[in-house]
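Protein chains: 2
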Amino acid sequence: MDKAYRLLNHGPTVLVSAAHGGVRNVMAAAWSCALDFKPPKVTVVLDKATRTRELVEASGVFVLQVPTAQQAALTHQLGNRSLHDDPEKLAHAGARLVDVRVADASVPLVEGCAAWLVCRVLPEPRNEQVYDLFIGEVIAAWADARVFSNGHWHFESAPPALRSLHYIAGGQFYAIGESIVVQNA
Amino acid sequence: MDKAYRLLNHGPTVLVSAAHGGVRNVMAAAWSCALDFKPPKVTVVLDKATRTRELVEASGVFVLQVPTAQQAALTHQLGNRSLHDDPEKLAHAGARLVDVRVADASVPLVEGCAAWLVCRVLPEPRNEQVYDLFIGEVIAAWADARVFSNGHWHFESAPPALRSLHYIAGGQFYAIGESIVVQNA
Numbered sequence: 117m118d119k120a121y122r123l124l125n126h127g128p129t130v131l132v133s134a135a136h137g138g139v140r141n142v143m144a145a146a147w148s149c150a151l152d153f154k155p156p157k158v159t160v161v162l163d164k165a166t167r168t169r170e171l172v173e174a175s176g177v178f179v180l181q182v183p184t185a186q187q188a189a190l191t192h193q194l195g196n197r198s199l200h201d202d203p204e205k206l207a208h209a210g211a212r213l214v215d216v217r218v219a220d221a222s223v224p225l226v227e228g229c230a231a232w233l234v235c236r237v238l239p240e241p242r243n244e245q246v247y248d249l250f251i252g253e254v255i256a257a258w259a260d261a262r263v264f265s266n267g268h269w270h271f272e273s274a275p276p277a278l279r280s281l282h283y284i285a286g287g288q289f290y291a292i293g294e295s296i297v298v299q300n301a
Numbered sequence: 117m118d119k120a121y122r123l124l125n126h127g128p129t130v131l132v133s134a135a136h137g138g139v140r141n142v143m144a145a146a147w148s149c150a151l152d153f154k155p156p157k158v159t160v161v162l163d164k165a166t167r168t169r170e171l172v173e174a175s176g177v178f179v180l181q182v183p184t185a186q187q188a189a190l191t192h193q194l195g196n197r198s199l200h201d202d203p204e205k206l207a208h209a210g211a212r213l214v215d216v217r218v219a220d221a222s223v224p225l226v227e228g229c230a231a232w233l234v235c236r237v238l239p240e241p242r243n244e245q246v247y248d249l250f251i252g253e254v255i256a257a258w259a260d261a262r263v264f265s266n267g268h269w270h271f272e273s274a275p276p277a278l279r280s281l282h283y284i285a286g287g288q289f290y291a292i293g294e295s296i297v298v299q300n301a
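Protein chains in written order, with this note's numbering: chain A, 117 to 301; chain B, 117 to 301.
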């Protein structure tokens, strides 16, 4: 948990999932960021039009997950279609969810991602209403040990299909690239 | 300005600069994010211990800039040293600043970056005190046309030295990598 912030530190596009009353949904979000180290906190922007936001507001819990290069099409579809318009959105996008229990909540994780952060909403009504900005405290986190271990990403030695995605617009992403190490000043 | 959010959309580490009363400073920040499209807004986390935060609070203006792969050592030094401890921090790091006037404010831009966003603080005292979280509205933005034009990054065709940086920890960054384009679903 001390290193959970590092899962988001390099600015990946994330998938946001949530569940309430038997409904589960996932959306994509480029506007998500680490906010604090300990306890780890995060921010994410959730537009009022999204079904996922309704589920987050109802349950008080959301999951941020870091999708991989091989999930680019999945990520784009989850970001472009709404559960409001397509009740079979998840099946059509090919998203497979696994429910896990964390602190009395059942939360849906998207299979195949590189990392998952389960977050409890820290209610900030003004941020949520004025800016669509939600703050969460990370209450559980996991990562795929092929690409994140000992508190560090290892994109340079892991399969390229596991690189994180960084969205621009119009279906264009960049995968994360080469490692650059600077000696301490 | 309609495309200013795209300068941050892929989650680069940024340099935050500010000036007040003849003092100028620059720090590095991995925790910065787009917040809105129009007008473009951003978030950035500024620790209370930083001199840059004091200058932002005094002037009400800050600049987010996107440093490049060839500025990795500069970025790390600006993030690791404080003006409180080293009055010659900028010179020691090799940072060169250019002052520009935007809406009655004189703001320092760091030379050699790939993009610059001048932001006016939208005061949110609770966020600033509780979370060290600042919200800014972008009032001017520029980019290096070699790597950003027509509202899109062109990392794949620009010199590799101009790629954006994505910080992890301990002096390790990743440069942004390959372009992945998904057809609209």
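Certain hints may be false.
Unchecked claim - Straight-line alpha carbon distances no greater than 30 Å define the calculated BS3-like cross-link-like pairs of lysine-lysine that follow:
no., chain 1, residue 1, chain 2, residue 2
1, A, Lys154, B, Lys205
2, B, Lys164, A, Lys119
3, A, Lys164, B, Lys119
4, B, Lys164, A, Lys154
To be verified - Covered by chain B, according to a simulated footprint, are these stretches of chain A (three or more residues, beta-carbon under 8 Å):
no., segment
5, 150-156
6, 172-184
7, 211-224
Unchecked claim - Derived CB-CB ranges, DEER-like:
no., chain 1, residue 1, chain 2, residue 2, range
8, A, Ser198, B, Gly267, 20 to 28 Å
9, A, Glu253, B, Ala174, 26 to 34 Å
10, B, Asp118, A, Ser295, 18 to 26 Å
11, B, Asp163, A, Leu238, 24 to 32 Å
12, A, Ser273, B, Ser265, 31 to 39 Å
Simulated from the structure, these hints should not be mistaken for laboratory data. Where is the CB? At the ideal position from N, CA and C, for every residue including glycine.
Verification of the hints:
1. A:Lys154 to B:Lys205: Satisfied, since the Cα-Cα distance of roughly 28 Å is no more than 30 Å.
2. B:Lys164 to A:Lys119: holds, 22 Å
3. A:Lys164 to B:Lys119: holds, 22 Å
4. B:Lys164 to A:Lys154: The given pair, whose Cα atoms are some 16 Å apart, holds under the 30 Å limit.
5. 150-156: As far as the segment 150-156 of chain A goes, the hint holds, because 3 residues have Cβ atoms under 8 Å from chain B.
6. 172-184: Three-residue rule not met by the segment 172-184 of chain A, so violated; n is 0.
7. 211-224: violated (count 0)
8. A:Ser198 to B:Gly267: 20 to 28 Å: holds, 25 Å
9. A:Glu253 to B:Ala174: 26 to 34 Å: With a Cβ separation near 31 Å, Glu253 of chain A and Ala174 of chain B satisfy 26 to 34 Å, so the hint holds.
10. B:Asp118 to A:Ser295: 18 to 26 Å: violated, 34 Å
11. B:Asp163 to A:Leu238: 24 to 32 Å: Violated - the Cβ-Cβ distance for Asp163 of chain B and Leu238 of chain A, about 19 Å, lies outside 24 to 32 Å.
12. A:Ser273 to B:Ser265: 31 to 39 Å: Distance hint for Ser273 of chain A, Ser265 of chain B holds at roughly 34 Å.
The structure shown violates the earlier hints numbered 6, 7, 10 and 11.
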